[in-house]
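Peer 1: Next come the chains, spelled out residue by residue.
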Amino acid sequence: MKVTIHLTVNGLAYQEEVEPRRTLLEFIREDLELTGTKEGCGLGECGTCTVLLDGKPIKSCITLAVQANGREVTTIEGIERPDGTLHPLQQAFIDHGAIQCGFCTPGMVLSAKALLDENPKPSELEIKQAIAGNLCRCTGYQKIVEAIRSAAEGS
Amino acid sequence: MKNFLYFEPTEIKTALSLLSEHKGKAKIMAGGTDLIPQMKRGLIAPETMIHLGKISSLQEIQESPEGLRVGAMVTLGSLERNGRVLSRYPGLQAAVSHVAVPAIRNSGTIGGNICLDTKCIYRDQVQTWKRALDPCFKSGGQRCYVVRGSKTCHASLAADTAGMLFALNARVKILSTSGERIVSIADLYPGNGIRPLSLLPEELLTEISIPRPKPNESSAYLRYSLRKAIDFPMVSAGVSMARGNGLCEEVRIVVGAVAPRPLRLTGAEKSLEGRPITESTLRDCARESPREALQISKSGRIDRFTREMISSLVFQALKRAWQAESLS
Amino acid sequence: MADFSIVGTRYGRIDGKDKATGRAKYIQDLKFPGMLYGKILRSPYPHARILNLDTSRVEGLMGVRAVATAGDTPNKKFGSYRSGVKDELIFAKDKALYVGDEIAAVAATDEETAREALSLIRVDYEELPAVFHPEEAIKPEAPRIHEDAEKNIASHALTLRGDPDKGFREADLVLEERFETGLQIHAYLEPVGCIASWDSNGKLTIYAPAQNPSWSRFIYSEALDLPMGKLRVIQTMIGGAFGGKLEQKQYLVAAILARKCRRPVKIVNRRDEEFQTSMPRVPMVVYLKMGVKKDGLLTAKEHRIYADNGAYTKYASAVLNLGTYRVDGLYRLRNIRNENYLVYTNKLPTSAFRGFGNPQITFAVESMLDQLAEGIGMDPLELRLRNAAEEGDLNAHGFKYVSCGLKDCLKKTAEAIDWQEKKKRKNIRRGIGISATSHVCGNRSFFPLFDGATAYARVDEGGKVRVLTGEVEVGQGLLTAYAAICAEEMGIPLSEVTVEAPDTDIAPFGLGTWGDRGTFIGGSGVKLAAADAKRQILEMAAEMLEANPSDLDCREGRVFVKGSPQKSLPFEEVASAAVYRRGGSPVFGKGTFIPASELSDSTRYGNISGTYAFGAQAAEVEVNPETGEVKVVRIAAAHDVGRALNLTTTEGQIEGATVQGMGYALSEEVRYEKGIMLSPNFLHYRIPTALDAPPMKTFLVETTDPGPFGAKGVAEPAMTPTAPAIANAIYDAVGVRIRTLPITPQKILEALQKKG
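Protein chains in written order, with the working numbering: chain A, 131 to 285; chain B, 29 to 356; chain C, 352 to 1107.
The hints are simulated quantities; they were obtained by calculation from the structure and are not laboratory data. Any given hint might turn out to be false.
To be verified - If you only want the chain B side, here are some residues facing chain C, beta carbon under 8 Å, derived: (1) 35; (2) 149; (3) 154; (4) 254; (5) 256; (6) 257; (7) 258; (8) 329; (9) 333; (10) 336; (11) 337; (12) 340.
To be verified - Now the in silico label distances, taken between C-beta atoms and shown as ranges: (13) A:145 / B:222: 40 to 46 Å; (14) A:256 / C:355: 37 to 43 Å; (15) A:249 / C:414: 46 to 52 Å; (16) B:222 / C:382: 40 to 46 Å; (17) C:780 / B:301: 31 to 37 Å; (18) B:48 / A:284: 55 to 61 Å; (19) A:149 / C:374: 25 to 31 Å.
Quick reminder that beta carbons are idealized off the backbone N, C-alpha and C, glycines included.
Sequences are here, hints too, so could you generate the full structure?
Peer 2: Next comes the structure, spelled out in structure tokens:
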């Protein structure tokens, strides 16, 4: 049995039919072919599948597509400006060495974006709490925190 | 995941009749942050899912002179961000903000956390790999791996909010097509690791009510896990204390995550109530807590290390509740 | 300080924009028309005879296009390169040797069908007794895992240098201890995956996040009975590797399936599968004996290691027999006896992981060093400085330390952690500890045919330069380093250079990313290729400017006459002239770097690396004596990197490695029950989160080194000193020494209670 869902993804409206068991991650990666959002573990434990749902980070691999019905989804592809200019967080990540292998980066940037949208001048502890659910094995987090702080200061 | 029938009722009564109709083959879905992983691991495969996300009456928060009423579908994240409402319940604020990670809290609900299944590393395995391991009690088998030779299941009720709400004297409203019952949250947890909730299959938990604390009352929650995020607690301590004139008027101490139910330590409470509070009386009380926890639960999880943790966390929670400012 | 415009600064990664915007494509993002999805059936038992394998029920399932078992393979045993042992098959045939062993596989039109098909394969097993610890497996009564390995010993080696017995006699204090380290899983965030595809002429292409695309083909060639010329590996963007993405059995299975159904087949590990079948750090039991004189001179060292090979031999033998030697040169030991046993167990095969044996042995040696210091009443830092290696040393194993910043590293970290002050004022809960390390930058022993790297620098008619290398970017910033080296050497802006990930059909034969060799060796090749391309450009410019090539130079994208810089041309103009005037041939610079390393002899003596990297770390911890909880307050790390080509990426390597080291020390533990991993997920396998990572201060100690622009390696050594520094700090705080990793609160509490 399929369910019709209406949702907005990166500002574009979609109407699709999905099986209830389809996860939002599968929908984003396979149906919409937006592969910037990653699958790292499939159980909601690593954070690489993080997207924003109505502006708040969630784990798309353990969220059903039907849960996004009537809501707004933002993926990593949706935060650069239409003219291709990077979001200040993306630029800060590049400038501060917060990217190594890059696999955690999309989820990490989105968690940071949600933080700064709600709390433009976070403390270092608040930054770490915001990205606590995004695992990184490469960087040791220090430069990620610096990048987020720098983007916050720049704004 | 296997396919399932999916319903998204907009009213409670529809949800209840669906539950009753599908007699035990239906699962309630709140945020899905525990349900979906369990399904992906192959541990459960409901034929029907009843998602409560569209029932707006379940997402309300109401304050009154009697206390706080929180709809079961209020997300942990929105509760966490509601500092004003939670200012009277610092222990609950702490418990909520310690659950997992922010992204889980944005989907996960207070009702979902209260009704969280018990956790155990031996049970929560992807099914492909279990063939060589005889199933444990919770998986339908005949043994427990936490306590070898035990006749009972020692899975842990690891939900952060359960114990804290117990310490805050919370009650829950449970609805079904046959009616409504309101019980103390403690009655929800019979202490059975395999089936940790006393909810019947056709019942739905809809609301949590917390009595308004007295002006001299405060609460605190601490938990221990190896990492500072993601992990379930291994031990937790929730305290609610009313203080006056340097005395402990009333206190409730609940230790969580060490047994299939949260453990209220009435003995420890009595040792403090009516007595003057000093750091040393709190320490003495905390030191006796592990023994009482073990005595009332007989839980195999309470080993030497856990006992030290119980003592340490109970002391810190007591101290924090004692030293907190009074409410206006 | 030489005048560099790019090298030594903080230029941004050349792949940063793709990664920050989600454009970067990893193997899981790739899809080809007609592609099928493969899934592998794995043994649920740690040790079992395979009595019967029945795939008949699968064939009828709609959507299944191929089923593969041992009968579809050449059934030739193969092994990791140069391990000397060939004990693996693509599919287990008679016996399954660990939970996860590949038994069969299916390819289907979608993943769900493939999964269902697996459940229809009937396998009858006869469970056999299994053994899980090397000290158990080596007992005569232990079950035999491989028929030809008596006492389950995969390898045994004994190395003797100097006269250890005399050294121990001369010592004033001799200590003997047992240390044990456990499995550490790489836990890179990108799961292993591949797409295998055969063309109509029987040539196989594997798309995969491979750390060693060129030479992994040796193993695939042997396993598939396919000539190397029919094997192409195209390296896809890698989402973290740390040594775990060398050869993969999965690629062979995909190849077999793809051949059977004549369609491309994609397999990606599910995360629990990833944990269960990855090739983790080799656990080691180390019996260590060391002697020291009253004045602090170390006199002798003896180790006997029982290393856990797992069920098959991958790189554990190299880890054990090469990786556990580097620590010996750290403190100028001359009297050494090293005895290494590599033992099979019925667990997942162990292999290479950042540090390659060094973290394991260094944990033991550096813990014992503190014990020795206490025993003779000497400050642990002073004991280390007393014995520390220096530039010009030739160590007992024949390593030539052409540059060495060890003492500087030790002093810098000690200063950063306030060593002198903290040692004077004792806080009962806080402690500090220090540790050092030494590492190779490449390893001649690995590939006897050559050690070194070749690169090409191809300049097109638009003046854009493309570097072709056989070395691999795993996230460490290698491609960016190469682009910087090339741009610096040629005198053009960084933006004009791109670096291609290796496609083995096109790239030079590269030894790959391991052994800390990427910058030192690979980068040197790039520098030579860039120099060659520049020479050709200057020759062309000489014609155009009517000058002598030796009078010309290039800076910031302009070729000019030294002495009359107003006589100049833009680089692109020279490049296009060069291309068009030579019949369309791009300017092709070629460079090969062969380091001054040598093959070791049969006793493993020899200067196997062109240079060696050094480092030290100090940790401050706070321990709760009531519960054993440890908080790492801060870490200071100083690493001798020669010259840092890019300050940001170099620091990033150290910071990332340190946090891995902290996880190794305190929280990463694999739990087992009857050979079944109970923790194959990120919930129970606890890698540090952002809230767990401690504040870190990094110092880059620069020495004069033969590497490209003076650079050495840093990625691997940076993980090694962390765990011993933390262990030493814990002892300093509460007086208990834990000799097994991870150091959990439970272990500390138990030790405190025993102490009384």
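Peer 1: Against each hint, give a clear statement of whether it holds in the structure.
Peer 2: Here is what the structure says about each hint:
1. 35: Nearest chain C Cβ about 23 Å off; hint violated.
2. 149: It holds, given that the least Cβ distance between residue 149 of chain B and chain C is near 5 Å, below 8 Å.
3. 154: Since chain C brings a Cβ to about 5 Å from residue 154 of chain B, closer than 8 Å, the hint holds.
4. 254: 5 Å, holds
5. 256: 4 Å, holds
6. 257: With a closest approach of 5 Å, the residue 257 of chain B hint holds.
7. 258: Constraint on residue 258 of chain B satisfied, holds at 6 Å.
8. 329: Cβ of residue 329 of chain B sits 13 Å from chain C, so the hint is violated.
9. 333: 4 Å, holds
10. 336: 5 Å, holds
11. 337: 6 Å, holds
12. 340: 5 Å, holds
13. A:145 / B:222: 40 to 46 Å: Holds - the Cβ-Cβ distance for residue 145 of chain A and residue 222 of chain B, about 43 Å, lies within 40 to 46 Å.
14. A:256 / C:355: 37 to 43 Å: 39 Å, holds
15. A:249 / C:414: 46 to 52 Å: Given about 49 Å between the Cβ atoms, the range holds.
16. B:222 / C:382: 40 to 46 Å: Since residue 222 of chain B and residue 382 of chain C have Cβ atoms about 43 Å apart, the given range 40 to 46 Å holds.
17. C:780 / B:301: 31 to 37 Å: 33 Å, holds
18. B:48 / A:284: 55 to 61 Å: Taking Cβ atoms as reference, residue 48 of chain B and residue 284 of chain A lie about 57 Å apart, which means the hint holds.
19. A:149 / C:374: 25 to 31 Å: About 29 Å separates the Cβ atoms of residue 149 of chain A and residue 374 of chain C, which means 25 to 31 Å holds.
Violated hints for the displayed structure, listed by number in ascending order: 1 and 8.
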